[in-house]
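A.B. asks: The residues making up each chain are set out below.
2 protein chains.
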Amino acid sequence: MAKRIAYLGPPGTFTEEAALLYDETAQLIPFPSIPAVAVAVDSGMAEEGVVPIENSIEGSVTDTLDLLIHESRVLIRKELVLPIEHHLLVKPGTQVSEVRVIFSHPQALGQCRHFIERCFPKVEIVAALSTAAAVEEMMTSDYPAAAIGTRRAAELYGAETSAKAIQDQASNVTRFVVLAPTDHPATGFDKTSLCFSFAEDRPGVLCAVLQEFAQRTINLAKVESRPTKESLGKYIFLVDLEGHHDDPLVSEALARVREKTALFKVFGSYPKYK
Amino acid sequence: MAKRIAYLGPPGTFTEEAALLYDETAQLIPFPSIPAVAVAVDSGMAEEGVVPIENSIEGSVTDTLDLLIHESRVLIRKELVLPIEHHLLVKPGTQVSEVRVIFSHPQALGQCRHFIERCFPKVEIVAALSTAAAVEEMMTSDYPAAAIGTRRAAELYGAETSAKAIQDQASNVTRFVVLAPTDHPATGFDKTSLCFSFAEDRPGVLCAVLQEFAQRTINLAKVESRPTKESLGKYIFLVDLEGHHDDPLVSEALARVREKTALFKVFGSYPKYK
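As given, the protein sequences belong to chains P and D, one line each in that order.
Following numbering that gives the first Met the number 0, the numbering of the first sequence begins with 0 at its first residue and continues without gaps.
Following numbering that gives the first Met the number 0, the numbering of the second sequence begins with 0 at its first residue and continues without gaps.
Pulled out of the complex, with its shape left as it was, chain P reads as follows (with noise of 0.2 Å):
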């Protein structure tokens, strides 16, 4: 039986992309949110999930990262990184100078703003719920409208590419990880990814922390901090290391961080993206 990969829906996203790219032989499972697709995969219907995480130009995708502090059991078992394009589709034989309407999900609007000012200053701009559902509607509408998508929701409606990756900056990336019961065996190249809080805010508590990583050479790849869910003045730490959580240097650290700290949670060891 095919493997079953959950992913953050519907079919026609970047994170259907990236579950594609990641093993096209599996049965994917659209999932309406990230804390379902987290669900999915604890409760055995998935035997794993892929999620964004971060994008290089929005930055964190905060519901992974809320789901992964607070919620849930299941780990980051890999990496994978997408470039993200953004394409401007019609229904076939629509010429561009007929549009009078562009449907797309408000942050792919925002990254295509300066494409779309330029190219159709006049034009209605409506908002979908996502760049699928803005395909969908575009194929569906009265008039000549084009939506802005991507190269797998013009796949799957049937839908002609007349601009392709249209978004105003050229390196668009977005990580996603895959969601597991374990994380994955050291290769030797390797990544983990915690989180901590501290009981008490004094100057130098995050400087601690941070040696005990440093003394160490261990490298770190990430630190960011998020609002924790009761008010903005406290924080939780977000890191990535490079190196595995059983290499003894780096287990030696996380014990260390961990007598050091009020919350300490590690995310998963996996192997780092190319």
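Because the hints were derived from the structure by calculation, they are not lab data.
The reader is advised that the hints may include incorrect statements.
For chains that are exact copies, the list does not tell them apart, and a pair is met inside one copy or across any two.
[Stated by the list, open to error] In the SDA-like style, the derived pairs of lysine to any residue whose C-alpha atoms are separated by at most 20 Å in a straight line are: (1) K271 with G43; (2) K233 with V80; (3) K77 with L219; (4) K221 with S196; (5) K121 with P9; (6) K233 with I56; (7) K259 with E57; (8) K233 with S196; (9) K273 with R99; (10) K233 with Q168; (11) K221 with D65; (12) K190 with P143; (13) K221 with G203; (14) K233 with V172; (15) K271 with G157; (16) K221 with A198; (17) K264 with S140; (18) K90 with R151; (19) K90 with P270; (20) K221 with S161; (21) K264 with I165; (22) K221 with I68; (23) K221 with A162; (24) K233 with A153; (25) K77 with L155; (26) K121 with S32; (27) K271 with S196; (28) K121 with A35.
Once you've looked at the hints, dock chain D against the given chain P.
C.D. replies: Quick look at chain D alone, frame taken from chain P:
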């Protein structure tokens, strides 16, 4: 002449509420994007500008951070904190049981997901470009509809509030900043926001910088890393610290940090919100 304050519009959004809270006697001028607000201040179209910078649930507003990092000569002069309350609005006289469509911005819809699932399991959800646009669309809709929007939008469009504070997370607050050509003189109860990055990514560089603050007992209110626009692997660090850049110890620490970093930029010092 009244002070002119640019803000992220349209009228009826939370940013307008924040601007009114800050100065209800000012002339408020809506702009269509966060960069446009900064341009308005930089070019003298307005004396000050109000934009959101951080939400307790969604995290940082990346457009505002990117603007402060990369683009603008404006500084942070003040911070404001506003509780975010979403309301269910209808045309006066509409019965909730008749509602067939709910309009809102996808982010507001996400923040009220539990409420909608419980109270309106069968309703059609329609995306809008802003919560204010959603209220406008609801008011002109042909069939019985509702919109998720602000108290201020209800006022502006003459809508009736049929349910109050329907967001899933009770403690949802947003931090706004007032942008101006100069920052704020020291008050003795201040914060300073800055960013820096490193030419080389080696273990311990971030720690060495944080130590400059820790050894002077300067408390950090926030540490965050943002991917640089070029790639996911390189980061810019954003720090909020307690104190004013004119305080001798802060000034000394900032000078040392400047020497240790490649990019270094102070966004301003301003009074800490209550």
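A.B. asks: Run every hint past the structure and note whether it holds.
C.D. replies: Hint check results:
1. In this homomeric assembly, K271 and G43 never come within 20 Å of each other (Cα to Cα): the closest approach is 26 Å inside a single copy and 48 Å across copies.
2. In the homo-oligomer, the alpha carbons of K233 and V80 lie at most 20 Å apart only across protomers (14 Å), although the nearest pairing inside one protomer, at 31 Å, exceeds that limit.
3. Only within a single protomer do K77 and L219 lie at most 20 Å apart by alpha-carbon distance; the minimum there is 18 Å, versus 33 Å between protomers.
4. Within a single copy, K221 and S196 get their C-alpha atoms as close as 16 Å, and across copies as close as 12 Å, so both meet the 20 Å cut-off.
5. Proximity of K121 to P9 under the C-alpha cut-off of 20 Å is restricted to the inter-copy arrangement: shortest distance 19 Å between copies versus 30 Å within a copy.
6. In this homomeric assembly, K233 and I56 come within 20 Å of each other (Cα to Cα) only across copies, at 12 Å, whereas the closest approach inside a single copy is 25 Å.
7. Taking the shortest Cα distances, K259 and E57 never come within 20 Å of each other, neither inside one copy (32 Å) nor across copies (27 Å).
8. For the identical chains of this complex, K233 and S196 are intra-copy neighbours only, at 9 Å inside a copy versus 24 Å across copies, given an alpha-carbon limit of 20 Å.
9. Taking identical chains as interchangeable, the C-alpha atoms of K273 and R99 are never at most 20 Å apart, the minima being 43 Å within one chain and 49 Å between chains.
10. In the homo-oligomer, the alpha carbons of K233 and Q168 lie at most 20 Å apart only across protomers (16 Å), although the nearest pairing inside one protomer, at 33 Å, exceeds that limit.
11. Taking identical chains as interchangeable, the C-alpha atoms of K221 and D65 lie at most 20 Å apart whether they share a chain (17 Å) or sit on different chains (17 Å).
12. In the homo-oligomer, the alpha carbons of K190 and P143 never lie at most 20 Å apart, since the shortest distance is 48 Å inside one protomer and 52 Å across protomers.
13. For the identical chains of this complex, K221 and G203 are neighbours both inside a copy (19 Å) and across copies (13 Å), given an alpha-carbon limit of 20 Å.
14. Proximity of K233 to V172 under the C-alpha cut-off of 20 Å is restricted to the inter-copy arrangement: shortest distance 13 Å between copies versus 30 Å within a copy.
15. In this homomeric assembly, K271 and G157 never come within 20 Å of each other (Cα to Cα): the closest approach is 36 Å inside a single copy and 54 Å across copies.
16. In this assembly of identical chains, the alpha carbons of K221 and A198 lie at most 20 Å apart only when taken from different copies (15 Å versus 22 Å within one copy).
17. In this assembly of identical chains, K264 and S140 lie within 20 Å of each other by CA distance neither inside one copy nor across copies; the values are 48 Å within and 48 Å between.
18. In this assembly of identical chains, K90 and R151 lie within 20 Å of each other by CA distance solely inside one copy; the values are 15 Å within and 40 Å between copies.
19. Taking CA atoms no more than 20 Å apart as the test, K90 paired with P270 passes in neither setting, with 41 Å inside one copy and 54 Å between copies.
20. With identical chains, the CA atoms of K221 and S161 are never at most 20 Å apart, being 38 Å at best within one copy and 44 Å at best between copies.
21. With identical chains, the CA atoms of K264 and I165 are never at most 20 Å apart, being 40 Å at best within one copy and 31 Å at best between copies.
22. Proximity of K221 to I68 under the C-alpha cut-off of 20 Å is found in both arrangements, the shortest distances being 16 Å within a copy and 18 Å between copies.
23. For the homomeric pair K221 and A162, neither the shortest alpha-carbon distance inside one copy (35 Å) nor that between copies (41 Å) is at most 20 Å.
24. Proximity of K233 and A153 under a CA criterion of 20 Å is satisfied in neither setting, with 44 Å inside one chain copy and 33 Å between copies.
25. Proximity of K77 to L155 under the C-alpha cut-off of 20 Å is found in neither arrangement, the shortest distances being 27 Å within a copy and 49 Å between copies.
26. For a Cα distance limit of 20 Å, the shortest separation of K121 from S32 across copies, 18 Å, qualifies, whereas the shortest one inside one copy, 34 Å, does not.
27. In this assembly of identical chains, the alpha carbons of K271 and S196 never lie at most 20 Å apart, being 25 Å within a copy and 22 Å across copies at closest.
28. Taking identical chains as interchangeable, the C-alpha atoms of K121 and A35 lie at most 20 Å apart only when they sit on different chains, with a minimum of 19 Å there against 39 Å within one chain.
Violated hints, listed in ascending order, are 1, 7, 9, 12, 15, 17, 19, 20, 21, 23, 24, 25, 27; each of the other numbered hints is respected by the structure.
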